[in-house]
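Protein chains: 2
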Amino acid sequence: MPEITHHADTDALGPQQPLSMVRTALGYVAMIVLAVAAFFVIRHYGQSLVAPAASAVAPAAANAKSPVGGILPVLVALAAVIALGQVMGRLCAKVGQPPVIGEVLAGILLGPSLLGATISAWILPPDSAPYLGIVAQFGVILYMFLVGLELNAEWLRGRAHVAALVSHASIVVPFVLGAVLSLYLYPRLADSQVPFTSFALFMGVAMSITAFPVLARILTDQGMARSKLGALALSCAATDDATAWCLLAMVVGVARADTSTAVLVVGGTLSYAVVMLLGVRPLARRLAYRWDGEHLPRRAVALVFVALLASAATTQAIGIHALFGAFLLGVVIPHDSPVAKAFMQQLQNITTVLLLPAFFAFTGMRTDIRLLNTADQWLMCGAIIAVATVGKFGGTIAAARLTGLGWRESAALGTLMNTRGLMELIVLNVGLELGVIPPELFAMMVIMALVTTVATSPIVRRLVPAH
Amino acid sequence: MPEITHHADTDALGPQQPLSMVRTALGYVAMIVLAVAAFFVIRHYGQSLVAPAASAVAPAAANAKSPVGGILPVLVALAAVIALGQVMGRLCAKVGQPPVIGEVLAGILLGPSLLGATISAWILPPDSAPYLGIVAQFGVILYMFLVGLELNAEWLRGRAHVAALVSHASIVVPFVLGAVLSLYLYPRLADSQVPFTSFALFMGVAMSITAFPVLARILTDQGMARSKLGALALSCAATDDATAWCLLAMVVGVARADTSTAVLVVGGTLSYAVVMLLGVRPLARRLAYRWDGEHLPRRAVALVFVALLASAATTQAIGIHALFGAFLLGVVIPHDSPVAKAFMQQLQNITTVLLLPAFFAFTGMRTDIRLLNTADQWLMCGAIIAVATVGKFGGTIAAARLTGLGWRESAALGTLMNTRGLMELIVLNVGLELGVIPPELFAMMVIMALVTTVATSPIVRRLVPAH
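Residue numbers (this note's numbering), protein chains in the order written: chain A, 678 to 1144; chain B, 678 to 1144.
Chain A on its own, in the form it takes in the complex (with noise of 0.2 Å):
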């Protein structure tokens, strides 16, 4: 796909760049800066809000027990959880819908959430939880690897001073208000274990994803791929996507551990970063030319493999998640190589049709809609809703018009990157798992995620006529 960097190049941002070079840097500058100021006032003033003592509900209570049943449960729910979600996923796509929203309603649909606890667990028992969890974590493993392999770093090469700033305009706004809301949420919600800090940043970041997978998926099927606003669009999301996994690893390291361990967190998770980028990087390159796609050896189907295994086991144990190092070993793999095709097109189906749905069930089984059972609940997570689609709407919209796109163009830059899609799921039960967000603003978060997605197909179609 040269075209892409050709048209948008020349034709949409080619004619404005001595000016808005100048303009981008110094936008930038104020952003970043205004941004971190913001945290630093919403902090002072969170950090005397109390949260509430205990929590109503137990936190992730399927996680804890021992697993009983053995495979049985696993076979079966994911089963279900794979033949629901292709119709929910085929009624999607009838209503112009992505279908991977049909494939995580089938996994809340199954959950507690409409059958009830007691029917729920016949089909996805709290008990093999812990089982499913590890089938779903391979799925996610594997998954964030094929998004790394995905990854176009030329995307991001040539439009690097705008998609920067439109990308990163995209994540501070988010992140500032869902920092801001957090002071209304904190008290009414957090549990009194997690300090404000902790709290405010994965809120923040929560806020700020843009589902790079889904929104990839939403292009093509619109046919605008290939165009100078999808192009954009995809370096975009893109630099959204490396941004925002880099902001998490560092929030869970503050979250995970008092500040002395933060720092080794957050100081590993840089340093294996640029081991990945800077020593790793040209090695890939090297193999990765070296061998033939259609009969890859087994010894370099197993180096991958031990390879992403031993990447996804540094991050998990540098004190961030195991899906980190799969995805930085996805980037450094060139995704026109060979051995990137073979395992693009080998894995693709084993992972999103049979692995994934088993995270699916996953977040579905732990998703517990019934939570929700007073008006005020619904208004935060209204509130929610309306934050985080102003804050990446607006951030984009400003970030855009100031590169000098159109009206019409940066509003459904700013729908499109308003989808979070399954990358928000994700982040959410990390946050989950950690502890840092309870199961009722779980519920709320995973609605917004669902309200966000949803609402880009249509509103871009309106706006953009497709091609």
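Simulated from the structure, these hints should not be mistaken for laboratory data. All of these numbers come straight from a predicted model, not from anything done at the bench. Where is the CB? At the ideal position from N, CA and C, for every residue including glycine. Take these hints with a grain of salt, some might be off.
Claimed, not checked - Label-pair restraints from in silico Cβ distances: (1) B/Val-940 to A/Glu-971: 46 to 54 Å; (2) B/Ala-1060 to A/Tyr-966: 18 to 26 Å; (3) A/Asp-969 to B/Thr-897: 14 to 22 Å; (4) A/Leu-768 to B/Ser-869: 55 to 63 Å; (5) A/Arg-1138 to B/Thr-897: 47 to 55 Å; (6) A/Trp-1055 to B/Arg-975: 33 to 41 Å; (7) B/Arg-962 to A/Arg-1138: 53 to 61 Å.
What the hints assert, rightly or not - Covered stretches of chain A (in silico footprint by chain B; criterion: 3 or more residues with CB under 8 Å from a CB of chain B, positions within the stretch not fixed): (8) 749-760; (9) 993-1005; (10) 1051-1064; (11) 1077-1089.
With chain A fixed as given, assemble chain B onto it according to the hints.
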């Protein structure tokens, strides 16, 4: 490979067909009657035997504990066993052994046998066994599905009478000898909770396994897969596989339950096999040719995975192992259909390189050769190897001679059928999980599986010059 059928049917076995048909039928009936009679005589004597009150070692202790430590130990264990497996596999290939031997050895090397419990626990912590076990089970389920997919039903049809006689002789003789050996082993090694009948039946089945996939790999490596002998060995091994799994299913049914539920289990298994072969097979034939393997639609992939999970869950729910359902589903999908080819191509690497090593690690973790620390125990181990080899080798040669094969070819066939490989390990793990065999006997049987598999290649190379 229609060549195989052609060669074997007309050149080798065609001329003798009228005579061999009668001989085969008579021999077959005599064999089955004698075997059943022999088993009842053995059972008569065996039932008066008393097993030790409690096993010297806690059975499969690793399995009982609640899993801790999350995904990190699983990632580390997998990375270690894959990496070491590749190194060992290449060493094996250099000395003319199939690489799978090296991968199995890697699991045992990382287990407590050689490193000792303390060091081994760093790489394969016993606490993480349930998690590793789930990954291993997924690996085995997918692997057995692949074995089923690769099974060419045509191999069984054309030469059914010869293959059936040789194959069933190569099962019946070691089966009966295994039951006889039980008279010696039961009072020394078994747990008093286990009735003699279950023990003897299990030992019989465990002795009569032939590893179809390893055999196929050895034949391919030697350039023998398309020869008359190779085709006969493959069709015998395929029959062996199918028969042995049916036998094991029945044995598990008997071992799992009291007599009345055992009837239910055996009845359920047979009914399910009939439903799959008569009901699902025609449906699978129609569907399997409908889709293009290159661009398999997502719903086709989902349908196959849901069917796989459902079939595995059904046999697990019936009371036998999930792997039977996976194998059966593979068998009913035509092996040369686009769907089968697409799945074989996509699942091969992730199953055999990433997931199956979890099974080797899991097996290695449970194999503690240090349990064999007396001369008596090593004598028993030697007896097991001798009985397994004599039974398989003798049974095959006798039947092969009866159907008119020469001495040299009969001996080569006997050696080939003695390959136990990975299949034996799967069977042994089922026995260990059921508690039918104690860890000591498990270790002896693992050694037997390794020795018989290692012996195959060099002996066959002597008997049949490479093509």
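(request) Give me the numbers of the hints this structure contradicts, sorted from smallest to largest. (result) Violated hints: 2, 7, 10 and 11; rest satisfied.
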